[in-house]
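Can you make the complete structure from the sequences, with help from the hints?
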Amino acid sequence: MRRRKMALRRRIRMLIVALILVVVGILIVPISRFRVAAGEKNHSRIEYRTYVVQRGDTLWGLADSYMGENFDNHQDYIEEVMRANGMDRAFVYAGQLLIIPYEADMVNSTQIAAANE
1 MRRRKMALRR
11 RIRMLIVALI
21 LVVVGILIVP
31 ISRFRVAAGE
41 KNHSRIEYRT
51 YVVQRGDTLW
61 GLADSYMGEN
71 FDNHQDYIEE
81 VMRANGMDRA
91 FVYAGQLLII
101 PYEADMVNST
111 QIAAANE
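Under the numbering used here, the first residue of the sequence shown is numbered 1, with each subsequent residue one higher.
It should be emphasised that the hints constitute simulated quantities derived from the structure, not laboratory data. Quick reminder that beta carbons are idealized off the backbone N, C-alpha and C, glycines included. Be aware that a few hints might be false.
[Stated by the list, open to error] Pairwise CB distance ranges (calculated):
#1 Met6 x Arg55: 49 to 59 angstroms
#2 Arg2 x Arg89: 56 to 66 angstroms
#3 Arg4 x Arg83: 43 to 53 angstroms
Rendered as structure tokens:
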């Protein structure tokens, strides 16, 4: 009886570890896919950062600041931001956390940090 309980506990632990690995994989794969998809368009390196939306921010304004040469126009950039964040409308609100693409050569991390303050 005791062996059965230990075996059952071991199976439960293994199941929990497997579920955690699946969840981590689900969270990592989409971000990797976005980097590859954006990198195929141009040879410039695209990276993704988080951005906290400030009062008065718009996706068009973010495109002005971060889109670089990898996107043909503002609409392409906005569509990528919406896709990266699972958005179905081009509406943002203050305090919202977004994943935004930017050209690594164009914007350094201090400019991103300053924009978030």
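Checklist entry - Failing hints, ascending? => result none
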